[in-house]
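Here the protein sequences line up with chains H and A, keeping their order. Heads up: the first sequence begins at 0 in numbering that gives the first Met the number 0, then just goes up one per residue. Heads up: the second sequence begins at 0 in numbering that gives the first Met the number 0, then just goes up one per residue.
Mixed in with the good hints there might be a few duds.
[Unchecked claim] Some chain A residues close to chain H (C-beta under 10 Å, calculated; not the full set):
no., residue
1, 111
2, 192
3, 218
4, 236
5, 239
Since the hints were made in silico from the structure, they are not lab data. The beta-carbon is built from N, C-alpha and C at its ideal position, and this holds for glycine as well.
Single-letter residue listing:
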Amino acid sequence: MLKGKHIPLITTVLVMLFFYFPLVWMVLMSFLGKVNGGGYEWTLKWYDQVFHKREVLAAVWNTVIVGLSASVISTILGTLSALAIYKYRSKLQEIHSGLLYIPLVLPEILMGLSLLIFFSSMNIPFGRGTVIAAHVAFCTSYVTVVIASSLDGFDFTLVEASRDLGATYFQSFFKVIFPLLRPAILAGTLLAFTLSLDDFIVTFFVSGHGGATLPVYIYNSLKHGKVPGLYALSSALLAVTFILVTISLLFTKNSQLLEGGENKA
Amino acid sequence: MKKNENRIGSELLLTLPSLLMLIILVGIPTLIVIFTAFCADSNGTWKNGFSLDAFREIFTLYYAEITLETIIYTVLTTFFSILIGLPVAYFIARCRGKLRQLLLLMIFIPFWTNMIVHIAAWKIVLHPDGILHDVLVFLHLIGEKQLLWNTPFAVLTLFIYVFLPFAIIPLYAAIEKFDFRLMESARDLGATSTQTIFRVFLPGIRNGIASAAVLVFVPVFGCYIIPQLVGGPGCDVLYANKIYQYTSTQSHNIPIAAALSLFLLLAMFIPWVVYRVSAIRRAKQDGELTVRKEKT
Chain H
0 MLKGKHIPLI
10 TTVLVMLFFY
20 FPLVWMVLMS
30 FLGKVNGGGY
40 EWTLKWYDQV
50 FHKREVLAAV
60 WNTVIVGLSA
70 SVISTILGTL
80 SALAIYKYRS
90 KLQEIHSGLL
100 YIPLVLPEIL
110 MGLSLLIFFS
120 SMNIPFGRGT
130 VIAAHVAFCT
140 SYVTVVIASS
150 LDGFDFTLVE
160 ASRDLGATYF
170 QSFFKVIFPL
180 LRPAILAGTL
190 LAFTLSLDDF
200 IVTFFVSGHG
210 GATLPVYIYN
220 SLKHGKVPGL
230 YALSSALLAV
240 TFILVTISLL
250 FTKNSQLLEG
260 GENKA
Chain A
0 MKKNENRIGS
10 ELLLTLPSLL
20 MLIILVGIPT
30 LIVIFTAFCA
40 DSNGTWKNGF
50 SLDAFREIFT
60 LYYAEITLET
70 IIYTVLTTFF
80 SILIGLPVAY
90 FIARCRGKLR
100 QLLLLMIFIP
110 FWTNMIVHIA
120 AWKIVLHPDG
130 ILHDVLVFLH
140 LIGEKQLLWN
150 TPFAVLTLFI
160 YVFLPFAIIP
170 LYAAIEKFDF
180 RLMESARDLG
190 ATSTQTIFRV
200 FLPGIRNGIA
210 SAAVLVFVPV
220 FGCYIIPQLV
230 GGPGCDVLYA
240 NKIYQYTSTQ
250 SHNIPIAAAL
260 SLFLLLAMFI
270 PWVVYRVSAI
280 RRAKQDGELT
290 VRKEKT
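Required output: the full structure, derived from the provided sequences and hints.
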């Protein structure tokens, strides 16, 4: 008999089917090819075809370069800004944190449009550089949130002690602050890379002809009709996301991913 | 004195890198959008001076209709996401150990997957040659010619599919903190299970419900890819699509795109304002309640 208390279980099962049926089906189709005379066979030909295309390789390369540079740069900026905001309570830091808050709440389309107008009015050519800049602009805020939340229990007397003992400013940063914050910094980098990989809207506005990442390439092929191997490409991107999310869930606390998640919109 | 200078120096050293980046890549571009909305030139340059043309252009019945249609989609998506998300979040929060970890992972994967991948996956399912179409035709639920892809149904399905995790995660976070003994004591005091849910459970997690609503409402309102790629002729133009169209080459008009995005920003604040006002009202009510309790 169906009872009210079974509703959560049933809904969860149905939602998981809803979430995973299209994804699993797509992955399955990416390994299937039609045989002459009907029927299907297992094949890697879609992957083979698609990863031999010059534009696809360029898009993959762009995605990797953009993801790595944006996550490294935004991690550096985000670490510094989290320390600054946590340590100093001044008017300057109020402005600073106000500006950091904007990318977290601004609709992506507005961020994309604003950067599009900005770069074109400055006559900056669109390409990989503008995509990296745009990704840094929104990733930094998320990194700051992750690192700032780990600073809550941070003992700044350790830093002062190292300074009193004669460490220079940089020594105390690299020998004291950095090792203590390393888990949070790694979590922030991972989050930034995932965000960079997850972004389509902002990238689309600022990528021009040379800066197209994999999601932009997939979008263009979806828009302009059928491209064989498109599902292989989408499955590959899904696999990378799967690996990244699993790693972050295994190696960081749930709370950090949750925080990143809650702010993602 | 020297120590003070040092302090300011190290504050600047920590602050300037990200502050400069934010001013250049966030502050200035956002201001430029506001100024651009008042440009007379369709390229958004200041040469021809100040004008209100862009705003005149968008205060028309046509845009009112598009806005209304977008609001309907957005409200429906928000409503269904919370309705479906609540039991799921409840179930995950009541699970323990490995199963909970697994379920969270299964919510996070679609959450972090690029929207484009989701659209590609659904295209295989809903396409006229797709599996769902074949199955429904086989079951005689739809006709051979009837489309699933390129329909309002497909747009709404994709909206819910993509943004449901945005509702589940804050709901889960709120339910996880909820003290379930409150429900037990309500039952012990004679409340029916419906009463317990509506009088104890839902008010107890109202902050989670409010953040779920905001987190779904805002991105759906600004989403142009799903209508564009899934909607097909007839329902491929929602509010954000107009912004996109005015930035593309065919109907290039940057000031109108800028003016539309300013109104998008305004629409975005509606759920925030509703949330704030109701939070203040509730806080007042709670305050009155405690005062009353103290008096008795």
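How the hints compare with the structure:
no. : hint : result
1   : 111  : 5 Å, holds
2   : 192  : 6 Å, holds
3   : 218  : 5 Å, holds
4   : 236  : 14 Å, violated
5   : 239  : 5 Å, holds
Violated hint: 4 only; the structure is consistent with all others.
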